[in-house]
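Single-letter residue listing:
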Amino acid sequence: MSSNIGRRRLALALAASLGSFVPVLGRADTVDASSTTLLIVRDHARAGTLYTIAPLYELLSVSARNVQNPVADGLQLVFSGWGAGSIGPNLVWYDTTPPQHRVFGDLDLAYVQGELLARTVQLRLGRQLVAGGVTGSLQLDGANALVRLPYGFGVSGFVGSPVSQRFEASGSETTFNPHRGNFAVGGRAYWTLVPWGEVGASAVEIKDRGDPSRRQIGGDVRLTPWRPLTLLASTSYDLYEHRWAETNVLGQLQVLPKLLVSADYRHVDPDLFLARDSILAVFTIDRRDEVGGGVQYGPWRAVTFLLDYHYLKERDGKGHRAIARTTWRPSGGTTLGAEIGFQSIYANPSGAYLNNGYFHARAFGSRRLGRLSGTLDVQEYAFQQQVNAQQNSFIGTATVGYVLGCGLSALLSGAGASTPYYERRFDLLAKLAYNQSYQLREVR
Amino acid sequence: MTARSLLLAAAALAAGGCIAKGGRPEAAENPPFTFPHSTHVEAGLSCASCHASIAQATAVGPSVHVTLPAGDEAKACLPCHEQVPAPPARHRLEKTITFSHADHLPYVKGDCARCHTALVEPGQTKAPVPPMSTCTTCHNHALDYAQARCQPCHVDLKRYPLKPVADFRHAVDFLRTHGEMARSGVATCAACHEQTSCAECHAGATRPLKPDVEWPDKVAASFIHRGDYVSRHTIDASFDPASCRRCHGTAYCDACHNEQGVSQRSPVRIGSDPHPAGWNAGVVHGAAARQNIVSCAGCHDQGARSTCVTCHQNVDPHPPGWAQRHNKTTDVAGNSMCRICHVQ
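Chains as they are written, first to last, in this note's numbering: chain D, 4 to 447; chain Y, -4 to 339.
Do not rely on the hints blindly, as some may be mistaken.
Some chain Y residues near chain D, calculated using beta-carbon distances under 8 Å [claimed, not checked]:
hint: 1; residue: ASP67
hint: 2; residue: ALA113
hint: 3; residue: ALA186
hint: 4; residue: GLU209
hint: 5; residue: GLY256
hint: 6; residue: ARG320
As a list, the in silico DSBU-like pairs of lysine-lysine whose alpha-carbon atoms are at most 30 Å apart [unchecked claim]:
hint: 7; chain 1: D; residue 1: LYS210; chain 2: Y; residue 2: LYS121
hint: 8; chain 1: Y; residue 1: LYS121; chain 2: Y; residue 2: LYS213
hint: 9; chain 1: Y; residue 1: LYS121; chain 2: D; residue 2: LYS261
hint: 10; chain 1: D; residue 1: LYS261; chain 2: Y; residue 2: LYS213
hint: 11; chain 1: Y; residue 1: LYS104; chain 2: Y; residue 2: LYS70
hint: 12; chain 1: D; residue 1: LYS210; chain 2: Y; residue 2: LYS205
hint: 13; chain 1: Y; residue 1: LYS104; chain 2: Y; residue 2: LYS121
Here are the in silico distance ranges between beta carbons for each label pair [to be verified]:
hint: 14; chain 1: D; residue 1: TRP199; chain 2: Y; residue 2: ALA108; range: 31 to 37 Å
hint: 15; chain 1: Y; residue 1: TRP274; chain 2: D; residue 2: LEU53; range: 46 to 52 Å
hint: 16; chain 1: D; residue 1: VAL106; chain 2: Y; residue 2: PRO271; range: 37 to 43 Å
hint: 17; chain 1: Y; residue 1: THR131; chain 2: D; residue 2: VAL294; range: 55 to 61 Å
hint: 18; chain 1: Y; residue 1: THR131; chain 2: D; residue 2: LEU232; range: 19 to 25 Å
hint: 19; chain 1: D; residue 1: LEU232; chain 2: Y; residue 2: PRO271; range: 34 to 40 Å
hint: 20; chain 1: Y; residue 1: ARG334; chain 2: D; residue 2: ARG427; range: 48 to 54 Å
hint: 21; chain 1: Y; residue 1: ALA113; chain 2: D; residue 2: VAL197; range: 28 to 34 Å
hint: 22; chain 1: Y; residue 1: HIS134; chain 2: D; residue 2: TRP199; range: 41 to 47 Å
hint: 23; chain 1: D; residue 1: LEU262; chain 2: Y; residue 2: HIS99; range: 38 to 44 Å
hint: 24; chain 1: Y; residue 1: ALA97; chain 2: D; residue 2: LEU119; range: 53 to 59 Å
Calculated directly from the structure, the hints in this document are not laboratory data.
Glycine included, C-beta positions come from ideal geometry on N, C-alpha and C.
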């Protein structure tokens, strides 16, 4: 598809989405409006040359809820999109057609949702995220329906086309959507067992212009057999490859009011996350098992400790991931925190490729004084093996914010870094944000 | 319509649309309450003395139906007050539930304290409301609760911040575990979270910025890919390639690799081959590919144009057990990728 057609489609979609809001805003009980203007000036390396770029972003989000109408209950319209302009060289990396176009944008969400038949049926149409069961999270242009049946049963289903960036690449090799393809259908049936939890069975099929991209079924369960204990499990089976794609088991136990313990196990075949019409889908079976757990402890009201460790078993190797984090909130406007972590993978017996890891340390703090606020965040990563002939990566960020009132706030952020890919790098960000919730009508 | 004019239209809508509708922003801060409820309750006054109209109220109104006594009823005030004082300043209340006092008062025989166990006192800015357990004393909402069917009792949970209740703890490494929770509870997530919130991270195909770039001041939040992630991404991708693939398609990786000159197809190549010396010997790249084929896909997933095809077209590339799991005839007929090497 040519980029001109893509841009025209984008313009039409944005215009239609925005236009649809104008007549309904006044009919809603609540309208949430959010607008963020961001100017980022930063160093940017492109193919070995350093540039200074300055993209200007406008992110807009409007949500109108409980829109009065004669058909549906809880009618809701949601729009979220953005536009950007490049001041200076257009080298924003995700722009697939640089550097000719200095103005670009996209639509994240644009849907209408309502409930019918005494709220037993929920319908959602437009650009949306569908989630749940084996589908995971899928950004979709299409329709989603949920039907709540008696006795705790229910069924949901969706059909549409996986979203492609800027309407330019529907399906196949150039879409950013991991579920590449131009047609997706799926759903989930569930049974809610009061008060125990919920069990579900689900399926998804995604086609890439007729070729199979993904065809999986799965099951999931959420149980609370005892109030402090939550158990979650899910599994998915690939019908094209005839093997299990992923299995997860997670348990969380509130041992004491201030002590929460979790443990989990995961088996995954990562190669099944490639589209089935990818040439690389035929080469191998990759299997990984991961087990671990975490503890969250809040001995005092203002202090929280978190520990998390996971062990990875890969066919020829192993890995470790650990993190310790503490947060202290001495007052409502002050937060101090620190974390240290470690992650490594030793997957190749030859000891050369794919084996690497890093230690990291981070300290952060924020302070609010009336309308004024400030934060500081420093991060250091030390690599086990050099990355681009460098052993360390450091980045420090400081921000100053001011609440202007009427939902407006301003923020100035500066960052300095020394990383494997930038000997020195400086970023400056200026942000004007507007967040407001409007109650247009008293509650009935 | 050009993209520039669209941007202007969007900005105008944001600025003008909401304001022009005459809507008023939610009251961020109410002035403190001044009326001493406890003093009046201890003096033996009934609630109905001031809230007379509550018995007919079918909705939770903005003024909590305060009508100060007049005429003979005002005599109840006179032992303490020389005259009936001016009504206290009205407070705008968060209207978060659909509730009919008219329907419920007969059941409690006018005893307001059955539900209202605490009353607002001077200095407080928020009036205490009965907890949901008060409702479930009589109403069985177990199934509604389990299925997150909060409406129509709760008007709009998205309108005010809820702390996660025990059943849906946002705790420990929630960044990693929330996906598993959402598999069987996405409706529950949606009861409080708008999709705009999910899209900030999950609209990976369209979203332009990492969360920590958009919100550098949210230092305590657990953002994915925080800081200098470019330097770490290959390590994370080796550790958990499936995790990358949940959000990022090949083209997402390839666009950057191409532009940065680290791909064979880059218009400008920089530096040396990203692979180590001797990579093309089958034992090196073959072993690595078998361990993490998803990483290979970050650059080499162009179908028939893929560099892998050149060599592997004439050598069986399939892993053990492939033939048992696949029907060659139907696969070749139904998947054009197979026809790159196999004749239908």
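Cross-check of the supplied hints:
Interface restraint check for Y/ASP67: the shortest CB-CB distance to chain D comes to about 32 Å, outside 8 Å, so the restraint is violated. The restraint placing Y/ALA113 at the interface with chain D is violated, with a minimum CB-CB distance near 21 Å, outside the 8 Å limit. For Y/ALA186, the interface hint is violated, since its Cβ never comes within 8 Å of a Cβ in chain D; the closest pair sits about 11 Å apart. Annotation: interface hint on Y/GLU209 holds; nearest CB of chain D at approximately 7 Å, less than 8 Å.
The interface hint given for Y/GLY256 is met, as the beta carbon of that residue sits about 4 Å from the closest beta carbon of chain D, less than 8 Å. Restraint check, Y/ARG320 versus chain D: the minimum CB separation of about 4 Å is within 8 Å; hint holds. At most 30 Å may separate the alpha-carbon atoms for a hinted pair to count; D/LYS210 and Y/LYS121 exceed this at roughly 53 Å. The suggested pairing of Y/LYS121 with Y/LYS213 holds, with an alpha-carbon distance near 27 Å, which does not exceed 30 Å.
For the proposed pair Y/LYS121 and D/LYS261, the alpha carbon gap of about 27 Å is at most 30 Å, so the pair holds. In summary, the hint linking D/LYS261 to Y/LYS213 is supported, as the alpha carbons are separated by about 24 Å, within the 30 Å threshold. Between Y/LYS104 and Y/LYS70 the CA atoms are separated by roughly 25 Å; this keeps the pair inside 30 Å, and the hint holds. This hinted pair checks out: D/LYS210 and Y/LYS205 have alpha carbons roughly 29 Å apart, not beyond 30 Å.
Of the supplied pair hints, the one linking Y/LYS104 and Y/LYS121 holds, its CA atoms being roughly 27 Å apart against a limit of 30 Å. Checked against the hint of 31 to 37 Å, the C-beta distance between D/TRP199 and Y/ALA108 comes to roughly 35 Å, which is consistent with it. Distance hint check: the CB atoms of Y/TRP274 and D/LEU53 are about 28 Å apart, inconsistent with the given range 46 to 52 Å. Checked against the hint of 37 to 43 Å, the pair D/VAL106 and Y/PRO271 passes, with Cβ atoms roughly 42 Å apart.
Under the hint 55 to 61 Å, the C-beta atoms of Y/THR131 and D/VAL294, about 38 Å apart, miss the expected range. The hint said 19 to 25 Å for the Cβ distance between Y/THR131 and D/LEU232, and at roughly 21 Å that hint holds. Between D/LEU232 and Y/PRO271 the beta carbon distance is about 48 Å. The supplied range of 34 to 40 Å is therefore violated. Checking the proposed 48 to 54 Å range against Y/ARG334 and D/ARG427 shows it holds: the Cβ atoms sit about 51 Å from each other.
Taking 28 to 34 Å as the suggested C-beta distance range, the pair Y/ALA113 and D/VAL197 conforms, at roughly 30 Å. Our hint of 41 to 47 Å for Y/HIS134 and D/TRP199 is violated, since their Cβ atoms are close to 20 Å apart. About 39 Å separates the C-beta atoms of D/LEU262 and Y/HIS99, a value consistent with the hinted range of 38 to 44 Å. Roughly 28 Å separates the CB atoms of Y/ALA97 and D/LEU119, a value that falls outside the hinted 53 to 59 Å.
Checked against the numbered hints given earlier, the structure breaks hints 1, 2, 3, 7, 15, 17, 19, 22, 24 and satisfies all the rest.
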